[in-house]
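Chains as they are written, first to last, in UniProt numbering: chain A, 1 to 416; chain B, 1 to 416.
Derived from the structure by calculation, the hints contain no laboratory data. Be aware that one or more of the hints could be misleading.
[Said to hold, decoys possible] Pairwise CB distance ranges, derived in the manner of DEER restraints:
(1) E387/B - V206/A: 55 to 61 Å
(2) R175/A - D369/B: 36 to 42 Å
(3) I414/B - T108/A: 55 to 61 Å
(4) D87/A - D261/B: 21 to 27 Å
(5) T20/A - K54/B: 47 to 53 Å
(6) T108/A - S415/B: 52 to 58 Å
(7) H46/A - F177/B: 38 to 44 Å
(8) I170/B - K234/A: 50 to 56 Å
(9) D369/B - H322/A: 51 to 57 Å
(10) S415/B - K312/A: 27 to 33 Å
[Said to hold, decoys possible] Here are the simulated lysine-lysine pairs, DSS-like style, with alpha carbons at most 30 Å apart:
(11) K105/B - K273/A
(12) K73/A - K105/A
(13) K399/A - K105/B
The beta carbon of each residue, even a glycine, is placed where N, CA and C say it ideally should be.
Protein chains: 2
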Amino acid sequence: MIAEIITIGDEILIGQIVDTNSAHIAQELNKIGVSVHQITSVEDEHEHILTTLKEASKRADIILITGGLGPTKDDITKKVLCEFFGDSLVRDDAVLRHIEFLFEKYVTTPISDLNREQALMPSKAIALHNEYGTAPGLWMKNAEKVFIAMPGVPFEMKSLMEREVLPRLIKEFKRPFIYHKTIRTYGLGESAIAQRLEDWENNLPVHIKLAYLPSFGTVRLRLSGKGLNEEDLKFSIEQEFEKIYPILEDIIADVNGENEDITITIRELLNTKNHFLSVAESCTGGELATKFTKNPGASTYFKGGIVTYATKAKEDILSVPHAIIEKNTVVSAEVAEEMARNSRLIFKSDYAISTTGNAGPDKGDSDKDVGTVFIGIATPEKVFSEEFKFGRNREQVVKKAANKALEMLLKELISK
Amino acid sequence: MIAEIITIGDEILIGQIVDTNSAHIAQELNKIGVSVHQITSVEDEHEHILTTLKEASKRADIILITGGLGPTKDDITKKVLCEFFGDSLVRDDAVLRHIEFLFEKYVTTPISDLNREQALMPSKAIALHNEYGTAPGLWMKNAEKVFIAMPGVPFEMKSLMEREVLPRLIKEFKRPFIYHKTIRTYGLGESAIAQRLEDWENNLPVHIKLAYLPSFGTVRLRLSGKGLNEEDLKFSIEQEFEKIYPILEDIIADVNGENEDITITIRELLNTKNHFLSVAESCTGGELATKFTKNPGASTYFKGGIVTYATKAKEDILSVPHAIIEKNTVVSAEVAEEMARNSRLIFKSDYAISTTGNAGPDKGDSDKDVGTVFIGIATPEKVFSEEFKFGRNREQVVKKAANKALEMLLKELISK
Chain A
1 MIAEIITIGD
11 EILIGQIVDT
21 NSAHIAQELN
31 KIGVSVHQIT
41 SVEDEHEHIL
51 TTLKEASKRA
61 DIILITGGLG
71 PTKDDITKKV
81 LCEFFGDSLV
91 RDDAVLRHIE
101 FLFEKYVTTP
111 ISDLNREQAL
121 MPSKAIALHN
131 EYGTAPGLWM
141 KNAEKVFIAM
151 PGVPFEMKSL
161 MEREVLPRLI
171 KEFKRPFIYH
181 KTIRTYGLGE
191 SAIAQRLEDW
201 ENNLPVHIKL
211 AYLPSFGTVR
221 LRLSGKGLNE
231 EDLKFSIEQE
241 FEKIYPILED
251 IIADVNGENE
261 DITITIRELL
271 NTKNHFLSVA
281 ESCTGGELAT
291 KFTKNPGAST
301 YFKGGIVTYA
311 TKAKEDILSV
321 PHAIIEKNTV
331 VSAEVAEEMA
341 RNSRLIFKSD
351 YAISTTGNAG
361 PDKGDSDKDV
371 GTVFIGIATP
381 EKVFSEEFKF
391 GRNREQVVKK
401 AANKALEMLL
411 KELISK
Chain B
1 MIAEIITIGD
11 EILIGQIVDT
21 NSAHIAQELN
31 KIGVSVHQIT
41 SVEDEHEHIL
51 TTLKEASKRA
61 DIILITGGLG
71 PTKDDITKKV
81 LCEFFGDSLV
91 RDDAVLRHIE
101 FLFEKYVTTP
111 ISDLNREQAL
121 MPSKAIALHN
131 EYGTAPGLWM
141 KNAEKVFIAM
151 PGVPFEMKSL
161 MEREVLPRLI
171 KEFKRPFIYH
181 KTIRTYGLGE
191 SAIAQRLEDW
201 ENNLPVHIKL
211 AYLPSFGTVR
221 LRLSGKGLNE
231 EDLKFSIEQE
241 FEKIYPILED
251 IIADVNGENE
261 DITITIRELL
271 NTKNHFLSVA
281 ESCTGGELAT
291 KFTKNPGAST
301 YFKGGIVTYA
311 TKAKEDILSV
321 PHAIIEKNTV
331 VSAEVAEEMA
341 RNSRLIFKSD
351 YAISTTGNAG
361 PDKGDSDKDV
371 GTVFIGIATP
381 EKVFSEEFKF
391 GRNREQVVKK
401 AANKALEMLL
411 KELISK
């Protein structure tokens, strides 16, 4: 069962927004055994969208479209679908009532004709209820192919996928099983890992693939396979995992690397002991706190953090003694350790992580090279730190430092 | 001059990574007058990549490819390009020396044959120097079409675009001028704005387009045009802007909306007065601090922030009186204002922003509805706050709250 995703919108092609919708849709489809063969982004241009629909329908069974369902002139997805299906737009009364309801309840400006026109639907389409917005989704069938259109607003699309699209696809199509197992490693680069795995990889069964997913200092390895028998598939992938585990044992940080988000594993480990965490950030500037608070349940383990971007704030708020900064400079093991120690005391937490470094492009209040970062960890038993060189690219220094801090904490928690 | 972008990699099609490369490439191409007609993401699969290359070369003059240049088995871009061009791989000594240099200087593991093989290049290709990595870019010409391949690692790709690809494209192709003007508005939805602009939009010259770019509570409006005469083009777009300004005056937050990043405008305004900023965050969990520290120059206006996720931390660290929390609950105007006031005092800053709210999915330590957020602002003259309802979606509540806080601060700074 093959799907293609088409995202419509000039704003993607001029690079003003990043297409995050496709990744979400692809993830959700993969979970139900539907493979995405291609993702295509095209402009708000009638002929181009039409051609893209025609081409996609030659290759795929399911075509998912996002964008171009808004109330404005540049939103033409429904018109193009009408042409493709030889259909015309008619008013859908249930959709109209929902639009009127949303305006009454949530919108302060009066409802307009443009808003009401969003209730026009191709006559052959089934409207998919959009709880959060005025643009309904569409479900249209042609021979054995299904065309699904969803609004481009990410949270509206996500809700439509969950409530309308996935349940309908599960009902409509017989799908093979897809199984992934992802392992998070740290400390070795992609090619060094590949070299270790060379013999094993050469003998991998054809229905199983290995992918390397490097990301700012960590490499996740994903084994994935497709098959008609779920038990056999799982068994064969777990068997391959048993083979690589001893080869990579020293660098595996997390055998449940499916959580792209390492903070979920950290939360689980802290929760089991009812332990709490806090942070003290300099060069990561809030990135660590943001990572910990991104997911629901943050308050069950994360007390908070202090971002002391200015050197003086490290003294005033984190109580790092002036003499320590004077002697070692602000980018030093001593300052990182003081920051972690004091964050733990101030927040009354069990663990604390700190970062201090030069993210660049300028050196700031320290003579250390751009890219130098010290990461400190305070635990109930000890305080320690490590020094890293993360290169000269600001964004990369911040992200690598945050990832490395998460890894150091994870290692510390796992070693208990 | 038409370009297409092809991104290669299973990890995109199973949704494990979001393709941010395409947006960056599209942005940079637009700046030099090259339009991106289509973005296509395909798997690491020989035949599929080959077909995609063939199709793209029918439509576009410039084909940019990212991904599939790594050292591992699943990296096959160079092989496919060889087939497409009827070429074969030969060793490039300069590339090999660079790989050996990088390993000597930055990598602790020994260099392997897989790494050395990255110096194999199609004989007809020009290698594009990759300062930050072992995979060089490629530049290949066929009739009047150019094919460019770059590694998928974002910071390597960015550096290659800037130093190698864009200068070569500028030299090689005559391009029309593209001009954008983007205005940031707040307070009205997309369709309400469209209604106000209806008459004007109906009379827009054909070479100018208007796009609506909504994002968590703000809508940016982008006028864009393409033409052979730079002066005429700029003049006609500025003329249209003069027409819409009076129609939208009350909702325009920033006429230089080109900065997708509003913090750059805030930094400029604070810098002119040598004023400093700090934050105190609850529900935004570090998102605000991260936004302010994302760009270089943060230390010229941002002192730092405190993330008090736990209610107790608001008392202990931000000195919000227990009685005020008791009386008003932790999600209240009073607490938001205390947080802003005290952040300003603790950091000795001129301005401070605070957030306190229920991001959900659970209510936490307050009886206020999920989605309720109070944003506080402290200035040298006053402290005030506003209440907002940002819906029930956690991610959306955090992002909308952070954006709204930036807008409130921007309004306050502009009103001086």
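Going down the list of hints, with the structure as the test:
1. Between E387/B and V206/A the beta carbons are some 59 Å apart, a value that agrees with the proposed interval 55 to 61 Å.
2. Hint check: R175/A to D369/B, Cβ distance near 39 Å, so the stated range 36 to 42 Å holds.
3. One distance hint, 55 to 61 Å for the beta-carbon pair I414/B and T108/A, is violated here, with the actual separation near 23 Å.
4. About 42 Å separates the C-beta atoms of D87/A and D261/B, a value inconsistent with the hinted range of 21 to 27 Å.
5. Distance hint for T20/A and K54/B: a CB-CB separation of about 29 Å, inconsistent with the stated range 47 to 53 Å.
6. About 22 Å separates the C-beta atoms of T108/A and S415/B, a value inconsistent with the hinted range of 52 to 58 Å.
7. Between H46/A and F177/B the CB atoms are about 25 Å apart, so this pair departs from the stated range of 38 to 44 Å.
8. Range check, I170/B to K234/A: Cβ separation about 53 Å, and the 50 to 56 Å hint holds.
9. In this structure, D369/B and H322/A break the distance hint of 51 to 57 Å, their C-beta atoms being roughly 46 Å apart.
10. One distance hint, 27 to 33 Å for the beta-carbon pair S415/B and K312/A, holds here, with the actual separation near 29 Å.
11. Taking the CA atoms of K105/B and K273/A, the gap is near 43 Å; set against the 30 Å cutoff, the hint is violated.
12. Taking the CA atoms of K73/A and K105/A, the gap is about 26 Å. The hint holds against a cut of 30 Å.
13. A distance of roughly 22 Å separates the Cα atoms of K399/A and K105/B; the hinted pair therefore holds under the 30 Å criterion.
The structure fails to meet hints 3, 4, 5, 6, 7, 9, 11 from the earlier list, while all remaining hints are met.
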